[in-house]
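J.: Sequence:
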Amino acid sequence: MSRPHWERSRRLWYYGLGRSGEPMTINDIARLAGVSKSTVSRYLTGGSVSKKSAEKIARVIESTGYVLNASASKLRSQRSRLVGVLVDGIDARAVTRILRGINDRLHELDYLPFIVIDNHDEDHKLAGMQALVRQGVDAIIFGTAQLTDEHARFMLGADVPIIVLGQRSDAFPFAKVDDYAGGRLMAEHVIEQKPKHLVYLGFPGYDRAGLERWHGFVDACGSAGVGVEYLECGYEREAGYHLAEQALANGTDFIVGASDTICLGVLRYLGEHGMSAPKDVRLAGFGNYEEGSLPMVSLTSVGFDYLALGRDVARKAVDLIEGEDVPHESVDYPMEIHVRNSSLA
Numbered sequence: 133m134s135r136p137h138w139e140r141s142r143r144l145w146y147y148g149l150g151r152s153g154e155p156m157t158i159n160d161i162a163r164l165a166g167v168s169k170s171t172v173s174r175y176l177t178g179g180s181v182s183k184k185s186a187e188k189i190a191r192v193i194e195s196t197g198y199v200l201n202a203s204a205s206k207l208r209s210q211r212s213r214l215v216g217v218l219v220d221g222i223d224a225r226a227v228t229r230i231l232r233g234i235n236d237r238l239h240e241l242d243y244l245p246f247i248v249i250d251n252h253d254e255d256h257k258l259a260g261m262q263a264l265v266r267q268g269v270d271a272i273i274f275g276t277a278q279l280t281d282e283h284a285r286f287m288l289g290a291d292v293p294i295i296v297l298g299q300r301s302d303a304f305p306f307a308k309v310d311d312y313a314g315g316r317l318m319a320e321h322v323i324e325q326k327p328k329h330l331v332y333l334g335f336p337g338y339d340r341a342g343l344e345r346w347h348g349f350v351d352a353c354g355s356a357g358v359g360v361e362y363l364e365c366g367y368e369r370e371a372g373y374h375l376a377e378q379a380l381a382n383g384t385d386f387i388v389g390a391s392d393t394i395c396l397g398v399l400r401y402l403g404e405h406g407m408s409a410p411k412d413v414r415l416a417g418f419g420n421y422e423e424g425s426l427p428m429v430s431l432t433s434v435g436f437d438y439l440a441l442g443r444d445v446a447r448k449a450v451d452l453i454e455g456e457d458v459p460h461e462s463v464d465y466p467m468e469i470h471v472r473n474s475s476l477a
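Residue numbers (our numbering): 133 to 477.
Calculated from the structure, these hints are not laboratory results. There's no promise every hint is true.
[Said to hold, decoys possible] When the alpha-carbon atoms are kept at most 30 Å apart in a straight line, the in silico DSSO-like pairs for lysine-lysine are as follows:
#1 Lys-411 to Lys-328
#2 Lys-184 to Lys-169
#3 Lys-183 to Lys-169
#4 Lys-411 to Lys-326
[Stated by the list, open to error] Pairwise CB distance ranges (calculated):
#5 Ala-356 to Glu-456: 16 to 22 Å
#6 Arg-266 to Glu-187: 18 to 24 Å
#7 Pro-466 to Glu-324: 51 to 57 Å
#8 Val-265 to Ala-224: 23 to 29 Å
#9 Glu-404 to Thr-280: 44 to 50 Å
#10 Arg-400 to Leu-476: 31 to 37 Å
#11 Ala-224 to Met-428: 27 to 33 Å
#12 Leu-244 to Lys-326: 50 to 56 Å
#13 Asp-302 to Asn-473: 22 to 28 Å
#14 Lys-328 to Ser-355: 29 to 35 Å
#15 Tyr-338 to Ile-249: 29 to 35 Å
#16 Asp-236 to Glu-187: 31 to 37 Å
#17 Glu-364 to Ser-180: 50 to 56 Å
#18 Gly-268 to Ser-355: 19 to 25 Å
A virtual CB, placed ideally from N, CA and C, is assigned to each residue, including glycine.
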């Protein structure tokens, strides 16, 4: 697959001619000086560089006859220092933590977030990315539950680097929690409780991260010989509430929701029908939200470090702006299961 336009054009930002007359690039200067590309960029545009690095770069420039493209330098120095952040608001608690991490890390790096929260359809999100590019952001962090072909086509042709948040991508760098491992972690706890009829309330089928969470859960349960009934659910609390009656049919004694939000909907249904967890059914979810940890709720949950995810994806977005290499895949963020009364017999 061809490189995104912003990456292909990076070689055009600077030019130079060596003694042999061959074109020089910022990458060549960095390699010869033994420093990073971002260090060379800061040196060429008057930014802060250590004395030692400056001397190395100066020697390479002198020896190669490198010439700075003044027009490109001017464009580069007019960087907006804005990072566009387009996210779904479907899981407000997780999004809040992620945005806090993004905001804090960008401020530390002397950038500002330009945040758009979009709960509309995928065409609307595409328009949101186009608007961010028109606003002159230096990069985009694109968080979505569904990465479409239309998204990918736009991102491949965009003039700014884009990193995907929350979903896997073959074509673009991405950062997300390890949903598969999280699903297995929950399954290990559930298996210990020896459920007789286990139901999993999962996210809509287009949500690939949600499917990863389900696959981790069902794979671990299958290895232990524990059967699971799967019901597709929405994201909101109301979705869990309306699906609770069906989930409780046929003697169900354990329900796992793909998020704590779903579980809170099930708990509301239980309360309105004279039932409770774990007395009538055991219950567990994902997210470890504050509401679930309250004593009157006491919901078992797998918690992900969304703050760390936000900080990391912000750092990677800036690295892309500076021309640094970033890992294509980033999923190694802390997680922990918090076992509470709702799942214990």
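J.: Each hint: holds or not?
T.: Results of checking the hints against the structure:
{"no.": "1", "hint": "Lys-411 to Lys-328", "in the structure": "holds, 15 Å"}
{"no.": "2", "hint": "Lys-184 to Lys-169", "in the structure": "holds, 15 Å"}
{"no.": "3", "hint": "Lys-183 to Lys-169", "in the structure": "holds, 16 Å"}
{"no.": "4", "hint": "Lys-411 to Lys-326", "in the structure": "holds, 15 Å"}
{"no.": "5", "hint": "Ala-356 to Glu-456: 16 to 22 Å", "in the structure": "violated, 43 Å"}
{"no.": "6", "hint": "Arg-266 to Glu-187: 18 to 24 Å", "in the structure": "violated, 41 Å"}
{"no.": "7", "hint": "Pro-466 to Glu-324: 51 to 57 Å", "in the structure": "violated, 22 Å"}
{"no.": "8", "hint": "Val-265 to Ala-224: 23 to 29 Å", "in the structure": "holds, 26 Å"}
{"no.": "9", "hint": "Glu-404 to Thr-280: 44 to 50 Å", "in the structure": "violated, 38 Å"}
{"no.": "10", "hint": "Arg-400 to Leu-476: 31 to 37 Å", "in the structure": "violated, 21 Å"}
{"no.": "11", "hint": "Ala-224 to Met-428: 27 to 33 Å", "in the structure": "violated, 21 Å"}
{"no.": "12", "hint": "Leu-244 to Lys-326: 50 to 56 Å", "in the structure": "holds, 52 Å"}
{"no.": "13", "hint": "Asp-302 to Asn-473: 22 to 28 Å", "in the structure": "violated, 42 Å"}
{"no.": "14", "hint": "Lys-328 to Ser-355: 29 to 35 Å", "in the structure": "violated, 18 Å"}
{"no.": "15", "hint": "Tyr-338 to Ile-249: 29 to 35 Å", "in the structure": "violated, 19 Å"}
{"no.": "16", "hint": "Asp-236 to Glu-187: 31 to 37 Å", "in the structure": "holds, 34 Å"}
{"no.": "17", "hint": "Glu-364 to Ser-180: 50 to 56 Å", "in the structure": "holds, 53 Å"}
{"no.": "18", "hint": "Gly-268 to Ser-355: 19 to 25 Å", "in the structure": "violated, 51 Å"}
Hints 5, 6, 7, 9, 10, 11, 13, 14, 15 and 18 from the earlier list are contradicted by this structure; the remaining hints agree with it.
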